[in-house]
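**Student:** Spelled out from the first residue to the last, the chains are:
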Amino acid sequence: MLSNIMSILLTVFTALVWGLLLGGISRTVTAKIHGRMGPRVTQNFIDVWKLFRKTSSIHHGGMFWLAPMFRITGAIAVLLMVPVVVGQNITYNMSFAGDVFLLLYIMFFGCLGMALGAGNSGHPYAVIAVSRGLAQMSSYELSFSVAVVAIAVGLHTFRIEGIVAAQQAGISSWNIFRFPFASAGALIAFLPMQMAYPFGIVLAPQEIPIGPPTEYSSRFLSLMFSGRALFSVAKLLFFVNLLFGGASSWLSLLLKTFLLYMYTVVVSSVFPRFRTEQSIKFLWLVPTTLALVDLVRVML
Amino acid sequence: MYCNHPPEKPGDKKEVLQKITNMARANSLWVTGYGTGCGAIELRPLGTSRFDMERFGIAMRPTPRQADVLIISGYLSTKTLKRVIRVYEQIQDPKYIMALGSCTINGGMYFDSYNTLNVLDKYLPVDVYVMGCMPRPESIIDGFSLLMKKIKEGRATGWKHYKENLDYYRENQKQIIKNWDLPDYNW
Amino acid sequence: MIDKVKKELEIRFPLLKLVREQHNYLHVKVGATSAMDAVLTAKTSLGFTTLQLISAVDWMENNAFQVTWILENYSEQEVLLISAYFPRKNCVVPSLSQIWPAASAFEREIYEMFGISFPGNPREGEDFLLEGWKDIPPMRRDFETEEYAMRTFGERQPREHIDPRQYIGDVVGEWNTPMGRNREEEK
Amino acid sequence: MGVNPATDPKKTTHLFFGPQHPGVTGNMSIEMWFDGDQVTKAITHVGYLHRGFEKLMEKRLWIQNFPLVCRICVPEPDINEECYALAIEELAGIEVPERAKWIRTLVLEMGRLAMNLMAFGGQAGTVGLGTGAMWGITFRDFVLDLFEELTGARVYHIYIQPGGVRRDLPRGFRKRVHLVLNKIEKRLPEFDRLILNNAVFKLRTKGIGVVKPEWIEEYGLVGPVARGSGSVRDVRKDAPYEIYDKLDFDVVTETGSDIYTRAIVRRRDIDLSISLIRQILGGIPAGPVATKLPNLTEWRVPAGEYYSRVESSRGEYGYYVVSDGSLKPRRVHVRGPSYVHAVPLLERMLIGANIADVSNIMVSLTTCPPEIER
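Chains as they are written, first to last, in this note's numbering: chain A, 35 to 334; chain B, 130 to 316; chain C, 11 to 197; chain D, 104 to 477.
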């Protein structure tokens, strides 16, 4: 029991540190593409600490306060439902408790809480961004769900543990090679999940500065930053487990999540963003079709 | 949602980890993305590869709620001053003002203009002035490093001064903004 | 080609005065009553279909405003300036905003800057460049901008220390060159 | 009392776009009413940068106004000096030496190149392609370095004066201009790949922000906005000033009318500026660079009125200068291209636009608020 709690705390702490570090690295990589030096790798830690120590003198009601909590709760829940390192049962945390569908739901939960809080802030730009975000979420959730279902049906298990265990027979058994179309669909859907361009229509500084967190400041923003870092690590973990055969050691975990994250950063820095309807159209058409191909293949 | 009461006067209370916090504040200055005057043209090269202010942790934020620094980039017309006050008061404490250009110091070449103010620190508490017209990116970076030094030493207390002397500042502001329709305490 | 325009205008407006004529440039002055006629003639029958600018000049000593319409003919690349004098007191000039949508902005600016009224402009009186202006319109000759600026915005008091070396030495403590010290001691 | 359907509070959202807004160029704001995603009414508010230049110019000597006029347009200040100097030369009858004319043209084209690089990159930046904006401003910086060497300042040059320019070219300047041009030209194909050939950029800009050809004469549109809709207006060709009649070039014109076309026009303007600078560098004659002027503190420009025009990167720039024969100008009225683009045209174009495209449309007109407000 105690070791379980320790493991949970360790997982959350590591995920937080790694998430913030990944954020710092991504800023550096983006800067290098721009031709700049970029910030320190540890910049995000400094930012979070600074924001945490700023005063906050505004409030817009209960949901406004709770939204960052929702986000962090959602992130931690996702994190704990995914096995961290394959083989080390202690790091499986609570992944025995649910299947991929529960996970899909909880991933939605964090964003929904954010949407409610932003709506409560009363800023028109935040409201526009929320409506954009929810519209886009409904479209990428579809393609992602189809991809996950295709993989789950193909492997005859909805349990994440099972999905991971089925990929342990060498690189060729990874789902990305066994279900290439579904994986492609899922990887495209990963971009809007990470709010990467060309799908970054929620945080669009030139259009609706800057989306849901417009009114959030100081401590709330600090929590939101931490929540985002945790959430992105949770999503990365889920994807590594889903497509890339899980991680057999801490080192391979770091490497795999890092590479997956860099994929979003690099794509993000060479594309402008879609308009909302273009983004939705693309997400309904391309990744969904790709995922459906594999689903049909598996069903047959 | 506006406040109806004047802001609390910040005391000189000793905070834990004050030193580390000051270091963090100095190394992560977020600037409100508001180009109030022509100095904004040199803020753009500041972000690109020649000067790259992100090296020092300085980043542009699109909304005042999340920013620390307000850069008054040059002369302020009375019409802009109203917006600038609104923006400044929405920034959460601690907040700093950096003023670029001779025209913020004493009016510069617009000293006799009927629409630009001459002495900025009568209306807003300025922490760092950067002189020149227009200041080169290097001197803006120099201004930032001076601001960082002040923050690390705990001397960048313009925001405290503003809260303590709010009546003085309000009086001056209302003197030149003829159609004052802002809430008096709007943070 | 500009000759043709000149002849045509001279036939229709015998009181017309020629100010400047060049290759593809013509400036004429007409009476206040026939100004609108001249502008509309230029638009409808002479091909000057574009309004570039409406400008005003305050001739205070002659007690008149000179209003100038600058028209352009895009196909022939010609510029035509039509000026007219209007009495300075309660100056009223017909509006062109129904004919050229761009005229509305020009007229709003002139109304604000000179107080010349353009009845017929639906957006007249909306704030354009100034906000809450209560003084006489600023571009009139009798408006003294420096006096207004000093009265409203004030002036920065000059520093007490005139000697920059001493001042910098006091503030920064880094001006310790032997040259400066020796000179101080000599005194 | 009927409610205007465009501003009905029950059906529309009232939004303020700027002045503190990263998508706005400079310091101006748009007040808008939205029905869903569509703009039903838009009002531009200008005047945040109003410094009363025209009043200040009446209070200063003719020559003292040069430091003022260059501040009217921040990204491309030489246009203002040139336009004001042209008006003074016309009124006072000053002859400009041949070499000065060539150098002036060189400076104007360099300024145009710098502005177009920034505007072309900025068009990408406003739809979220920050890399394009960063690169554009970086390359503009190399041109600013040349300016600094030539004039002593990065942004406000105050280099052109009545009757010539302030000083001659430094030694080896031509070589360094060629180096910078080569550097920029080498990277331009990469720009094209990143921006113009980008599928998402095309999606965001094609068919958006259409300027109908009949609006050109109605509103008096100029520059890339007009030339993107099939107009061939260019003051450099129509009423050549300085030495543009000796240079070999064609006016850039396209017929697509949308934002993408205006981006292409800007991109081709960059090519044109580079080729013009190369031509000028090959042909600068020897000789003096300035005419001797009378004692400037007592210099009275003869009475008269003149409307001088030059072509800036955003279109035709006009100065209406009135002199009453005294020490100071009687009246200087500046007509910048953004005047019409940002106020009546933008208000017209935004109706029916998507909220995501507001900033996009605005940047494609390259509005420069200080020249509206002065």
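Among the clues, some could well be false.
To be verified - When the alpha-carbon atoms are kept at most 20 Å apart in a straight line, the in silico DMTMM-like pairs for lysine to aspartate or glutamate are as follows:
1. C:Lys144 to C:Glu156
2. D:Lys309 to D:Asp295
3. B:Lys251 to C:Glu156
4. D:Lys162 to C:Asp137
5. D:Lys162 to C:Glu154
6. D:Lys204 to D:Asp295
7. B:Lys251 to C:Glu157
8. C:Lys99 to C:Glu157
For the record, the hints were derived by calculation from the structure and aren't laboratory data.
**Student:** For the pair we were handed, Lys251 of chain B and Glu156 of chain C, check the Cα-Cα distance against 20 Å.
**Tutor:** With Cα atoms ~19 Å apart, Lys251 of chain B and Glu156 of chain C stay inside 20 Å; holds.
**Student:** Taking 20 Å as the top limit, are the C-alpha atoms of Lys144 of chain C and Glu156 of chain C close enough?
**Tutor:** holds (17 Å)
**Student:** Hint check: Lys204 of chain D vs Asp295 of chain D, CA-CA at most 20 Å. Holds or violated?
**Tutor:** Status violated; Cα separation ~33 Å.
**Student:** Given the hint that Lys309 of chain D pairs with Asp295 of chain D, does the C-alpha gap stay at or below 20 Å?
**Tutor:** Answer holds: Lys309 of chain D to Asp295 of chain D is near 16 Å, not above 20 Å.
**Student:** If you draw a straight line from the CA of Lys99 of chain C to the CA of Glu157 of chain C, is it 20 Å or shorter?
**Tutor:** violated (24 Å)
**Student:** For Lys162 of chain D and Asp137 of chain C, compute the direct alpha-carbon distance and say whether it is at most 20 Å.
**Tutor:** Violated. Lys162 of chain D to Asp137 of chain C sits at ~25 Å, over the 20 Å cutoff.
**Student:** Is the Cα-Cα distance between Lys251 of chain B and Glu157 of chain C 20 Å or less?
**Tutor:** holds (19 Å)
**Student:** Is Lys162 of chain D within 20 Å of Glu154 of chain C, Cα to Cα?
**Tutor:** holds (10 Å)
Figure legend: structure checked against the earlier numbered hints; hints not met, in rising order: 4, 6, 8.
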